[in-house]
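Quick note on our numbering: the sequence shown kicks off at 1 and runs consecutively.
Worth flagging that the hints you see were computed from the coordinates, not collected in a lab. Hints may contain errors.
Stated by the list, open to error - Label-pair ranges, simulated between beta-carbon atoms:
#, residue 1, residue 2, range
1, S86, E54, 46 to 54 Å
2, S153, P183, 49 to 57 Å
3, E154, A174, 44 to 52 Å
4, N172, I66, 25 to 33 Å
5, S136, P115, 35 to 43 Å
6, P183, T72, 33 to 41 Å
7, S136, P49, 20 to 28 Å
8, L181, K82, 29 to 37 Å
9, S86, K179, 23 to 31 Å
10, T147, A174, 31 to 39 Å
Claimed, not checked - Distance condition first, Cα-Cα at most 16 Å in a straight line; then the derived EDC-like pairs of lysine to aspartate or glutamate:
#, residue 1, residue 2
11, K81, D135
12, K173, D135
13, K121, E154
14, K176, E140
15, K93, E140
16, K81, E154
17, K93, D105
18, K173, E140
19, K176, E54
20, K82, E154
21, K179, E90
22, K179, E140
These numbers come from a predicted model, not from an experiment. Beta carbons: idealized from backbone N, C-alpha and C, even for Gly.
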Amino acid sequence: MLNLPSFKRPLSISNVSAYLLKGVMAGTLLSLSFVSISSHASTSNSVSPISRAEAANPANFYRLSINGAAVTSASAPCSMKKGLISCGLEKLKLINSSINEVSADYDLAQTFFYPSKAQPKTAVVVITRSGLMDDSISAERYRISFTLKGKPSELSWHWVQYGVQYQCVRGNKAGKWTKNLCP
Numbered sequence: 001m002l003n004l005p006s007f008k009r010p011l012s013i014s015n016v017s018a019y020l021l022k023g024v025m026a027g028t029l030l031s032l033s034f035v036s037i038s039s040h041a042s043t044s045n046s047v048s049p050i051s052r053a054e055a056a057n058p059a060n061f062y063r064l065s066i067n068g069a070a071v072t073s074a075s076a077p078c079s080m081k082k083g084l085i086s087c088g089l090e091k092l093k094l095i096n097s098s099i100n101e102v103s104a105d106y107d108l109a110q111t112f113f114y115p116s117k118a119q120p121k122t123a124v125v126v127i128t129r130s131g132l133m134d135d136s137i138s139a140e141r142y143r144i145s146f147t148l149k150g151k152p153s154e155l156s157w158h159w160v161q162y163g164v165q166y167q168c169v170r171g172n173k174a175g176k177w178t179k180n181l182c183p
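Let the sequences and hints guide you as you build the complete structure.
This is the structure we're talking about:
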């Protein structure tokens, strides 16, 4: 038994460890709610990260609709243990299933957590792909939003919405991100 002067009753080592572990986990979750997590691929393409504010607003992206079997697959929960970036890539395969998209390389993946009273368990994954062999689009940026649902022991991410932005090559939108098609 470990006797600490600040406690009236003695605590066992296992109880102290449990309290410390809970404190560390709570601190980590709290700090994650105020930061974004990014993962860059090692490519020669220069892709700038999206801002937290721009990623938060679904109106900044063209909303992609899915139908048929893709709806069932998109609606399938993704285990929290898998991680948000992996879940985002998994869901992205559903909308990029054409023959040209199968072996796509993604340059940047960012994760944003938005703790608010209105939506306390919302997260957004933004995945960017650049160096496209297209005469009007140099890059695409996909926004996939999730909400956390389930029992505390079985939490999983549930898909909410897809969106896309394009970075234009030419015209008055050259180098800028837009939800509209590039000229």
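Hint by hint, here is what the structure shows:
| no. | hint | result |
| --- | --- | --- |
| 1 | S86 with E54: 46 to 54 Å | 23 Å, violated |
| 2 | S153 with P183: 49 to 57 Å | 52 Å, holds |
| 3 | E154 with A174: 44 to 52 Å | 48 Å, holds |
| 4 | N172 with I66: 25 to 33 Å | 31 Å, holds |
| 5 | S136 with P115: 35 to 43 Å | 38 Å, holds |
| 6 | P183 with T72: 33 to 41 Å | 36 Å, holds |
| 7 | S136 with P49: 20 to 28 Å | 23 Å, holds |
| 8 | L181 with K82: 29 to 37 Å | 33 Å, holds |
| 9 | S86 with K179: 23 to 31 Å | 26 Å, holds |
| 10 | T147 with A174: 31 to 39 Å | 36 Å, holds |
| 11 | K81 with D135 | 40 Å, violated |
| 12 | K173 with D135 | 13 Å, holds |
| 13 | K121 with E154 | 14 Å, holds |
| 14 | K176 with E140 | 11 Å, holds |
| 15 | K93 with E140 | 14 Å, holds |
| 16 | K81 with E154 | 10 Å, holds |
| 17 | K93 with D105 | 12 Å, holds |
| 18 | K173 with E140 | 14 Å, holds |
| 19 | K176 with E54 | 13 Å, holds |
| 20 | K82 with E154 | 12 Å, holds |
| 21 | K179 with E90 | 22 Å, violated |
| 22 | K179 with E140 | 10 Å, holds |
Hint check: violations occur at hints 1, 11 and 21; the rest are consistent with the structure.
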